[in-house]
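Line by line, the protein sequences give chains A and B.
Position 384, counted from 1, in the first sequence is what numbering that gives the first Met the number 0 calls 383; the numbers after and before it change by one each time, with no gaps.
Position 442, counted from 1, in the second sequence is what numbering that gives the first Met the number 0 calls 441; the numbers after and before it change by one each time, with no gaps.
To be clear, the hints were calculated from the coordinates, so they are not data collected in a lab.
This list has only true hints and no planted wrong ones.
Listed below are the simulated DSSO-like cross-link pairs for lysine-lysine, each with C-alpha atoms no more than 27 Å apart in a straight line:
# : chain 1 : residue 1 : chain 2 : residue 2
1 : A       : Lys-459   : A       : Lys-375
2 : B       : Lys-385   : A       : Lys-318
3 : B       : Lys-181   : B       : Lys-228
4 : B       : Lys-16    : A       : Lys-375
So these bits of chain A aren't anywhere near chain B, every CB distance computed over 10 Å:
#  : residue
5  : Leu-201
6  : Lys-207
7  : Gly-241
8  : Ala-294
9  : Pro-298
10 : Gly-324
11 : Trp-396
From the three backbone atoms N, C-alpha and C, an ideal C-beta is built for every residue, glycine too.
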Amino acid sequence: MTTISGDRCLDHEEPLIFEIGRDGKCGVDFPQVTVGDTHLAGLRRKGKIGLPGLSEPEVVRHYVRLSRMNYAIDAGLYPLGSCTMKHNPRLNEKLARLPGFADLHPLSPMSAAQGALALMRELAHWLTTLTGMPAVTLTPKAGAHGELCGILTIRAAIEARGEKRTRVLIPESAHGTNPASAAFAGFTVDEIKATPEGRVDLDSLKSKLGPDVAAFMLTNPNTCGLFERDICEIARLVHAAGAYFYCDGANFNAIAGRVKPGDLGVDAMHINLHKTFSTPHGGGGPGAGPVVLSARLAPFAPLPLLVLEKDSIRLIETKTDAPEGAKPFGRMAAFHGQTGMFVRALSYMLSHGGDGIRQASEDAVLSANYVLASLKDVMSAPFAGPCMHEALFDDTWLHNTGVTTLDFAKAMIDEGYHPMTMYFPLVVHGAMLIEPTESESKESLDRFIHVLHTMAEEVKAGKTARFDGAPHLAPRRRLDETAASRKPVLKWKAPDLKQAAE
Amino acid sequence: MRYLPLTADDRAAMLAKIGAADMDALFRDVPQEAVAAPEAFDLPAAKGEIEVERILTRFAAKNVAAGDGPFFCGAGAYKHHVPATVDHLIQRAEFLTSYTPYQPEISQGTLQVLFEFQTQVAALTGMEVANASLYDGSTATAEAVLMAMRVTKRPKAILSGGLHKHYVETVETVANLHGVTKRAMASPGRAEDLIPLIDTDTACVVVQSPDVFGLLRDLKPLADAAHAKGALLIAVVTEVVSLGLITPPGAQGADIVVAEGQSLGNGLNFGGPYVGLFAVREKFLRQMPGRLCGQTTDADGRRGFVLTLSTREQHIRRDKATSNICTNSGLCALAFSIHLSLLGEEGFTKLAAINHAKAVALADKLSAIPGVALITPSFFNEFTLKLPRSAAAVVEALAAKGILGGVPASRLGYADDLLIVAATETNTDEDIAAFATALEEVL
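Chain B on its own, in the form it takes in the complex (with noise of 0.2 Å):
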């Protein structure tokens, strides 16, 4: 097994010095009754890489890449081009192949990023600290709702009808084992009126902007509304490339921003791994979840960098530490990290406008079509169609025309006849046409 450096003559020695007659002698701990021979496992002999290449590549031939024809999908995950460096960069054995860095003197690398990252994501959303990254936007805003409910020792979260429907129960899932949440109906196109929900017994409101449809949201009134009776607004961001053109939510007064990171630097990977961003006003750092990463001095007085405030993680306090998190996405948080280096200002804002414009573009096209309506009359790169018919059949018929013509709202459990569309710089004017012409004929 190409994988295995020992030798037969190896493991007789290696076993002559432990002492042990063979191998099952080692094993001898385990309980008769628990014995599994070789033949107790039903599973194929070991193979080489041309076998096993030639095995997944058909299980990914089965696949409809997002690349392989006109893509207009997003709904929380989004297409966008990762420059060929940052994939080359993150494969080098030294990021790809080393732990979190317990041991700061030969960690610098991985550490340096971290905080060059949690500087970045502070500076994108607005705020004054990041952590080290969380799992993706969905486990964060959960992480998130828990935080606000330790912070301002209330019970109740209220969750937008704007917020991915995905990402509602996932903090369903755990905020209503410490407290309670209210979830306010779907409003598409339209921001809901959650300032009436907020009472003193609420943690925080939970918005996002763009929301689930595309619409981009409002969020100071919201804000003043809830600090006004001492709850929190949590801002949750699943297109974190609107943050170059589009007001962010800590200059919106958020206390606590949440982001999905896949966009910079990640593929979309039928939904994992992606990149959990968590950024907060200072106030409240001692109260955070997962990795923090903090600049200090070696014995030498020179700068570095170490894992800091590990009092609040679960491998010092554990019951009482301020989430379970251990592993997070550190390799998806160093990709993210380097494609915003190669955007810089320059390119990131470019970027955003360059997907707003083609969203423009796009919604320009489609609503022009008879009987589609546009129904987010605001929107960054995402937005939502009314169809005349089921948009969940429509997706379908443009599927068999090679196009991947957005997320049907209904496979999120939303109204059967909106069509939630992404566009982004990987779009080209052709493909914008093609939806155009394919989307007419199937309707």
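Next up, chain A with everything else stripped away, as it sits in the complex (with noise of 0.2 Å):
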């Protein structure tokens, strides 16, 4: 049925923010200052800014309205594949906001900062120890952020012995935020094959390595959802290249607690705090992503570095000051990494502790590959088991079924899940990945098997009107995104009066 309003029960359309403002209203209430001119050297602003005038509950109305068009974690199974979607507690969320973290500022005198500074420490203390390296720095700010710094802290090392490396090994099924920084960081990415059973090709490894290597990057466990059975193998070999072995640890959460890759010959790795401890991932970030050192690698970390001094914690913040050996290469950003996101992930480390972490990651495995055996059987799994924290799919089981992974993801929609990961990674056909993370509870689990099993079973049995076109019961149908980019519309434009009299 079609309502007079246009919306649909709990489910409100709603116009822009400049749609609903107009002038003579605010949400805050200020008093008129009249400044003059003396200390701003003619440069006061001439026109209006163009925001529109809202007070505080249509402000809150627009947003409440806007969050209702989201799927979250929070509200139900998210099986995106390499993200991580585990359940984010709010304790941690209620920590991050303690004044004495919020309210702190980043250039605070020091001995106002201690706390902070100690904070860090056992931060870093936490993720030395769970991944048996060396050395932290705290400061990229998301994973990529992390990986173009390990690549950074690589290229200072091959300076300081004398040498020029100019390419960087990766794997086909990486990430693209792999290829994406080595090349941001002005190395040429070269690629190695994968076998048929989805992990490194030694021989195509071997083939590529030599004297103009830099470092090898490797995901592991890999795109695939499988632990790299030859990694020590792949450390000696690429050491014994004079290159560096740079671990992309987007899914350190397989194996934290179990595996550590300071023990695996890893040299550089960085840790999405976003992902293996659960700060939350907020549309979009922000993440966090500290990188762990070899003792190779230590010393070239970029500032700020923390020391530890007679009774108290200090940042080095310039190359003048740094201490004896300590040859940073630079800078990564300004003040010193994603503090609201350390609190967070610490809070979650010690309330998990060694042990619970430990629990996680077994569960997270355990969780994948019971989903693996019990969808196998009607969707086809391109590399034997047993995964590690995803369940990789391809789309063999879809041939000439009218129906393609876009096509059953969407349909999960409808049904009340958010889509797996599709069409990554790259070396698999219509790739579906699925990653159920530790939280969800058996009952979940067995719901989201029985719904997908059902939901191959009615395609394979040409029943495929559900998925012809869908989601049909989302917030909004597929989108044009050709149009999108075709004719790109990337802000509100106010409408053209005189079109708007006609």
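Using the hints, put the two chains back together into the complex; each one sits in its own frame.
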């Protein structure tokens, strides 16, 4: 049925904030203050900015209504492979908002920030203990920023050796950020093939290694959700060629508490605190990407450095203050990293404890294998298990059904689920990557499996109506992405008054 | 463990379904030499909420929060009042616990927010298009320099001496891999003449206004000079509230405007997370880094929003991408956008005026103290004082009196006798009087 309002019960349409607001309204109360021009150097703003005016209740309603058009972990299983959508404990949010953290200025005198510096040391202790690596730099602001930091550390170490190495080797299954980060750092990228078992092809690696290779970047567990069995051999080969071994730690959540990357021969690895240690994804950040470093890379870590002095902790913020032996390559960003995220991550770590972190990794791996085992009779899995924290399927089972990976994923939306990651990794045709995480109960997993299994059976039985043009029940049907990029409309423009009058 | 729903029975049943004898069987691909027993990790056991809260509260208690007393620190991060509504709304589960909006049909909330955010940022900066945020102001500046090098196909970036030192170092760290940066000497309180440095190798000139010492810079002559040589002007704003009172860089001829958005909606957080704003002229659209949200229609013809122009990005273009950025600063952008929606035109311009008025009152009081000189003749809400002794020592002495009285310029590697002081709407007349009294005492 159609409604008079255009809304459908709890499902409200919401205009843009610019279409709601008008002059004469304001959501904050400030006194009117007139200021002179004495100190403005003739640069006082002339025209209006063009911001809409709204009262507080209007603002609240706008954002509450918008929020209801989003899927979220709190509302349902979010099996987005390689993104790790696990539960976000609210204790962590509460503690990050303690004024001693949230209201602490980054350039406060260090004597007034000893608690924050101690917290950074404590986080560093957990990260180095869990990874078995001797050093960590906390500043990178997200995973890709951590990759860049790690690669720049490697670059600095190579320069210090008086060598010039220009190539970085990366498996073709890698996250797009890996080649992008290597290129950002000025390296050329060379791809390494995968074996039919979905792992690094050692012959391909050997043939590409040489005196001009700076590093091999490998995600482990890899993007197919598999542990790289030959990883210790890979590290030996890479080191023998004089190169460094960079590990993309995006999937550390599968092995934390069971495997120390330091034992695998890793030289540098970033850790996405927003994945493994559950700082909220926030609709696309903020993240945090600390990088753990081997002893041979540690001296090149960027500014700032944390040093323990007699009875206080000090931040070293300039190269000239760097202690003996430290050769920081530069600076990744202003100030000292995502402290707000450090608080959340440490709260997560303390809550879980060493034992809980291990259990969480095991549960994540168990749940993924359970999904794999329960769906592989109807969907096709390109690689034999066991998998790690995510289960990978391809679209072989969809051949000649008229249904694509995209259709299947979009139909999941109508069933109340966020789709899995699709068409990644690129080494698998029509990939569907399912990461249930450790946060789902068995009942929740069983229901999810039942729904996907039934959907798959329907596809195979030729009952494809629900897949055609899905989703049908979401706040929006499929959106025209081609039109969006052909003629980009990237901001609201006030309607032409003449047109509006017609 | 309260966050883990599986019971021992569940685990056993699941292992049976999988056909694995035990958990170790699932980890059998781990090389034997790398298997770590639980004892291999010297870490404490799981804790309840009460204990965790106690431990972290103890850390927090060792810090002096900005709200604990009269507070005047700035230099790239500012204490502003954030309305209670902002923090309530950003903690809505649907905003807090969702991912990057890759599935637009069930992410219209986040996407519409980003579209509104882009519109707000473009309006504030006086530019044609803005992206959906970068990590922070410093990394946004580095991205802007790389973008200018791509657009102009020229190698050189000229960095003003008034650019925040951390920003300078962040830019140098990446830009020197692709070209060469020339850093002008800092000239506190005075705009250096950058025009003679611009040549036909110059990709961009990077200027901050208000600069790190608080000085307002007239960008127009520099923009004209840069354009005459085929170079771009990158304007950097570390205090976005200034845009409520000051002519935006877009109206002064800037080609790229980057800003730190922390001042709106976001706390100080000891330096992060913050939110980087990035706005450009429309002709550079396809060279921009970061996510962009665009308007389109769905299969039923209804307006909707999607992430767009992603062929610039790493997940499509890999090593040919305009940037390696993936996760950016979505929730901080949301906080920024909500705060700005609450303020609107009227609130935002009033806020800016109050900030300037407070700073003028503070500058008048402090510069009247014998031996203290205001060296920034123009400023918005931050200025620099020349003191008769080490500013770092003065700041420590003030801190002992419960006053956080600004950032010593030496903290950023500038002269020892300069103190960078900021005032915002959060400072009361009593704060200002207390600061003046204390400063006179410690000098």
